[in-house]
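Number of protein chains: 2
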Amino acid sequence: LVALETISFARGVPAPECLPVELLADCARAVLEVDGARTLSYGPAAGYAPLREWIAERHGVDSGRVLLTNGSLQGFVFLAGRLLEDGPPRVLVEGPTYDRPLKILAGLGADVVPLPMDDEGLDPDGLSAALAAGPAAFLYTIPTFQNPSGRTLSTERRRRLVQLTLEHSLRVLEDDPYGLVRFEGDPPPSLFELEGGDRVIYSSSFSKTIAPGLRVGYLVLPERLAADLEERAQSTYITPVLLSQAIVWEFVRRGQFEPNLQRICALLGARRDAMLTALERSLPPGASWSRPEGGYFLWLECSDGVDAARLLEQATEAGVTFVKGADFFPRGGGEHSARLAYSFVSPGEIEEGVARLGELLPAAAPV
Amino acid sequence: LVALETISFARGVPAPECLPVELLADCARAVLEVDGARTLSYGPAAGYAPLREWIAERHGVDSGRVLLTNGSLQGFVFLAGRLLEDGPPRVLVEGPTYDRPLKILAGLGADVVPLPMDDEGLDPDGLSAALAAGPAAFLYTIPTFQNPSGRTLSTERRRRLVQLTLEHSLRVLEDDPYGLVRFEGDPPPSLFELEGGDRVIYSSSFSKTIAPGLRVGYLVLPERLAADLEERAQSTYITPVLLSQAIVWEFVRRGQFEPNLQRICALLGARRDAMLTALERSLPPGASWSRPEGGYFLWLECSDGVDAARLLEQATEAGVTFVKGADFFPRGGGEHSARLAYSFVSPGEIEEGVARLGELLPAAAPV
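Protein sequences appear in the order of chains P and D.
Numbering-wise (my numbering), the first sequence opens with residue 3 and increments by one.
Numbering-wise (my numbering), the second sequence opens with residue 3 and increments by one.
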C-alpha cells in the first residue's frame, strides 16, 4: 500500500515560492531601523501614512479616503457593520461568492440575496430584478477573477452595473484582491473607475501581490464613510499593525512591487495552464470549467448527475481535495460544482490531482 | 511671547526610549529568514504557536486556552461580544475604568454598572450589592496598577472577590497589561491564579513590556470559550499578524524579555518618582493622589470645588494636558479628578508640567 500525498485544490493560498521572503526580511529590518519609533508605538487607526498615500495616488483620491486594515476581511467587517446599521437588511451578492463574507453577513443578521452569474460574471438583468424587488444595503461583488468562480465581469456588463448603481442609488463594494494577478489579456476598467468612487467602494489587499501573512488590506471609500470606519477601527484595535504596513511600503519604495508581481504571475500562470491542460486531457464529457485570465481559481461544473459533496468524499480518499460549490451559496445552489484552486500546488501535482479527479468522475455520474 | 511646548500627561503610551528598537529590528529579520514561509502565509487564527505555548506555560495552562489577538482590545471585542450574546446585558466595571471598553460595551448595547473603588481598589461590598441586585454577563476589572487610577486591589480583597465570583457563578475578565511593570513591592496573586481559571479570564499584552506597535495581546480562557473566540477571530481577519507574534517570540527566545522589562521599569519608575515629588512640591492642600507601585498612571483628586473639565481647558492653554476623570465613568462621576500619565514624558517635563498644574489649581478651586 502506498500512502498518497494529498493534493490540495482546496487551499486558495499562494504557493510558498510566491513569497518574497528574503526581500521582506531586508525590508523589515530597514523599516525598524529607520522608522522604529513610529512603527513600534500607537499610531493612526487608519494605518501607516506613507502607504495610505501611495494607495491613494494609485486610485486618484485623497489619502483620507484610504483605510488600511489587518487584512481586507477586517475592512469588510467594519463596512458591512456600518452599512447594515442604518440601511435595509438586504445584501446582494453573486451566486456563488466568497464564503467568508457570507458568514459575516449571516452573523450581522443580513438578508443575503444571491444573484445569477454566467461566464461573463454577474448578470445585470438579475441585479435589475433584485433592485426592483426592494432596496439593498449594498451589493458585494468580486468582478475580476472571482472567488470562487474565476470569472471576470465583462466591460459591457460593468458599464451596465454602474448605470444600475446610479439609477438605484445602490452602494457597491468592489472586492478586487486578484485583479493585478493577471496572466494574459487586458484588464477591464474597475467599477470604481467607471463610477468615480461616490457609490462604489473599492477593496483590495497585498495578500496576493506580496504576502498574505502581512495582513495588509485596504478600502477606498467616500471621506465621510472612511472617517466612520476609522472610528470603528480605533474602537476595535486602537492601531492596526503598522510594522506590516511599513514593510509593504518599504517593499514598494524599493521598486519591488512590479517585478515581484511579474514573478508571481509567471509562477501562477504556469499553474493555471497546467490545470487547463490537465482538465482537457483527463475529464470526461459533460464536465465544463471557467478559463480565468488570472487569479487563483477555476470553477468546475460537473454533469447534473454528480453530487459534488459525495465526489469530495471520494476525492479526499483518492488523495485530492477541493471546495464543493454549495459552500459558496447562501441558500442552495452549486450542488454539481467545485472550486479548484491552482495557486498552492505545483504543475506536476496539478496534473496528477486532475487525473485522480478524472478517474472518479465517470463513476460519480451514473447515466 | 514664548510658545510653550505642551507637556502631555494625557498620553498613556511608553516614551520612545522604552522601545527596544534595535533588538526588534534584529528579531524581525531573523524570524523572516528562519520562519518566513510560516509567518508570511495564512496560519492559525489563534496565533503563532510557539508564542502561545510560552504564554500557556507561564500561566500553567494548555496552549489551546491561549488566544493571541492584534492587540488586547481586539480580544475584549471578541470576548464581550460572545459573553453578551447569551448572557444578561449587565456588565460590571470599576468606577473609574479604562474608557475604550466602556465605548465597546456601549456599542454592544450593554447595561454598564460602575462599582465603587477606593485606595485598595474595587470595593467587594459594592460588588456584593451589585450581584445581589441581579445577574451580570461579566465583571471587567484591572486589579493591578489600574487604568486610570493607578490603584491596586489588595490581596485580601482579591480573595474576597474570588469568593464572590464562585458564590455567584460570575465571570470575571482580569485585564492585566501593567502588572509586570512594577517598580517596587511584591506582586499580589492574580485573580486568575487565586480562582484557578475556570471563571476568571486573564488578559494581557506585550504593549507595555515590549512595544505597543506590535499589537500582540492575549487572552487565557476556558478551552470551550477559547474555541468560540478563535472562530470569531477567523471570521474577522482569518489570521492575526503572525509576524509581530513571531518577533515577540524571537525576543523572548533570545532571553531579552526580562532584561528589557527591568530597563523599562527603571525608566518608568524614575518618572513615577518625579511625578510624586513634583506633586508634593507643587500642589496645594486639598489635592490628593494615588501612589502606584508600577504602571503608567496616577489618579489626582482635586478638592470638590474644582471642575476638572474647566481645569483641563486652562491647563491646555498653559501647556499641560491630562485626561479628565469623567471620561472613565459610564454615567457620571470623576468630575473633580484627573488621570495623570507619567509614562510618556521625561522627569524634567514632569516637574515642569506639575508646576504648571500647581499654579492653576488654587484659582480653580474658589474657597
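Read the hints as simulated data drawn from the structure, not as lab findings.
We put the CB at the ideal spot given by N, CA and C, even for glycine.
One or more of the hints may lead you astray.
Partner residues aside, some chain D positions facing chain P, computed with beta carbon under 8 Å [stated by the list, open to error]:
#	residue
1	VAL15
2	GLY38
3	ARG255
4	GLY257
5	GLN258
6	PHE259
7	ASN262
8	LEU263
9	GLN264
(message) Using the nearest Cβ pair, does ARG255 (chain D) come within less than 8 Å of chain P?
(response) With a minimum Cβ separation of about 17 Å from chain P (threshold 8 Å), the hint on ARG255 (chain D) is violated.
(message) Quick check on the hint: GLN264 (chain D) CB to chain P CB, less than 8 Å?
(response) violated (19 Å)
(request) Mind checking the CB of LEU263 (chain D) against every CB in chain P and telling me if the closest is under 8 Å? (result) violated (16 Å)
(message) Given a cut of 8 Å on the nearest C-beta pair, is the interface hint for GLN258 (chain D) held or broken against chain P?
(response) With a closest approach of 14 Å, the GLN258 (chain D) hint is violated.
(message) Would the hint on GLY38 (chain D) be counted as holding, given a Cβ-Cβ threshold of 8 Å to chain P?
(response) Interface hint status for GLY38 (chain D): holds (3 Å vs cutoff 8 Å).
(message) Take the shortest C-beta to C-beta distance between ASN262 (chain D) and chain P; is it under 8 Å?
(response) violated (13 Å)
(request) Would you check whether VAL15 (chain D) satisfies its interface hint, that is, whether its CB is within less than 8 Å of any CB in chain P? (result) holds (5 Å)
(message) Let's test the interface hint: is any C-beta of chain P closer than 8 Å to that of GLY257 (chain D)?
(response) violated (20 Å)
(message) Can you verify the interface hint for PHE259 (chain D): is its Cβ closer than 8 Å to any Cβ in chain P?
(response) Because about 16 Å separates PHE259 (chain D) from the closest Cβ in chain P, which is outside the 8 Å limit, the hint is violated.
Going down the numbered hints, you'll see the structure goes against 3, 4, 5, 6, 7, 8 and 9, while the others check out.
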